[in-house]
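Each protein sequence line maps, in turn, to chains A, B, C and D. The numbering used here puts the first sequence at residues 184 to 307. The numbering used here puts the second sequence at residues 184 to 307. The numbering used here puts the third sequence at residues 184 to 307. The numbering used here puts the fourth sequence at residues 184 to 307.
For the record, the hints were derived by calculation from the structure and aren't laboratory data. A hint or two may mislead.
Identical copies go unnamed one by one, so any copy, or any two together, can satisfy a pair.
Said to hold, decoys possible - Derived pair list, reagent style PhoX-like, types lysine-lysine, alpha-carbon separation capped at 20 Å: (1) K245 - K222; (2) K276 - K291; (3) K276 - K237; (4) K255 - K219; (5) K291 - K222; (6) K219 - K185; (7) K245 - K219; (8) K291 - K253; (9) K234 - K276; (10) K234 - K245.
Protein chains: 4
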Amino acid sequence: MKIRIYYEDTDAGGIVYHTNYIKYCERARSETFFEKGIKPSHSDTSGFIVKDIKASFLATAKLGDLVEVKGKVLKLKNSSLILLQEIYNNEVKLFSMEVVLVYVSEGKPVRILPQHRELFEGYF
Amino acid sequence: MKIRIYYEDTDAGGIVYHTNYIKYCERARSETFFEKGIKPSHSDTSGFIVKDIKASFLATAKLGDLVEVKGKVLKLKNSSLILLQEIYNNEVKLFSMEVVLVYVSEGKPVRILPQHRELFEGYF
Amino acid sequence: MKIRIYYEDTDAGGIVYHTNYIKYCERARSETFFEKGIKPSHSDTSGFIVKDIKASFLATAKLGDLVEVKGKVLKLKNSSLILLQEIYNNEVKLFSMEVVLVYVSEGKPVRILPQHRELFEGYF
Amino acid sequence: MKIRIYYEDTDAGGIVYHTNYIKYCERARSETFFEKGIKPSHSDTSGFIVKDIKASFLATAKLGDLVEVKGKVLKLKNSSLILLQEIYNNEVKLFSMEVVLVYVSEGKPVRILPQHRELFEGYF
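Whenever a hint applies, use it, and build me the whole structure from the sequences.
Right under this line is the structure:
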């Protein structure tokens, strides 16, 4: 997934504001669902939540850059998964994150739906 | 209401990203409710929505500045109001906006609640 | 220009946070430059600034929607222009804005560059 | 440092958008400098950058909540430090993060300034 860096993404340091890389990773996760027309949850009170993040900021992007978010499932369990997401500016790796996602319904972890499981297995 | 300018508020131009002034005005409107402990709506499907905005960007703030949002009701009608909101950096006016707010319930304009009406009359 | 609505774009009302429509318009303006490989300014201290906005919020978008920003130059002067920008969700107009942009250098209005002028004349 | 949750902070899930907790931590770090009137860097090309983050999302805040960011220096080295930052909603811990900050000048790690070192030693 390609993401353009706009003014809103940058800060007074002239580069992308650090937490935005984490937002881009969420955009990429959501886009996986949206582009297939699959709802990211089966009800208003269910969905994937971010439980843990381990992130490294390696280099920076600037206004007008077109960066790319790449992803790979590291582990797929009953109600959770670990995802590796990396952001590149051409060949240069800017950002790397391991994120633990849990599928919850009414606040409790529940089994990941078959259509979501398939998506994770196929896409990454 | 005082608002500090953080990195997240600035852009690569070194100053506050323009739409953020409009966000600060919304913060100030919400804070009026929150600080009095008054809910900004009487149900999940009701609330004030922004219908029209007329805004002028006069000067800019930068990282670390402490700006102030001031407000004044220009017109208070049955189900809507016009608010003048201005943002200052000390004596310097940075931003001025007239905003038309409508109180809606399930998508339709309804009469503004007495407690909200009182707030608008008293506060501004 | 198509823009997908992600979680970051929505608020607790379940719809797009109002100022984000104004951000999308800025994205569309910047994209016009970036996709042609034209720099939006001729130096670090020059660029287009937003001077005035007149906006109407007509309908709302929600998570997963793919909205489109359309634009049209209403007036092109020596150092400024008036742009009409509208956002659609399929056939439904969500947002309409007239924005006055001024090209400034070191804080003063200056003549719009030929390559920018050409872009505005051709694109819209 | 107290932070109010506004509409802009929430998402369609009705709660605070996850990356915003990381933004609040940055606000708290910056505020430490601003409230003492100390510049967060000694030149335009220097400053603290976020190198690594390890974060856990434990509970959620919602519109109108007033959360608090607390901080503690875990390790203070020549040109970097490890900070523990936690966000509470009254007694409930919402978020916990270990962040590695590096002081850089023109892209290279340099010795943390005495006034910054003092701030970190005193404040936390």
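Among the hints numbered above, which are violated by the structure, and what are their numbers in rising order?
8
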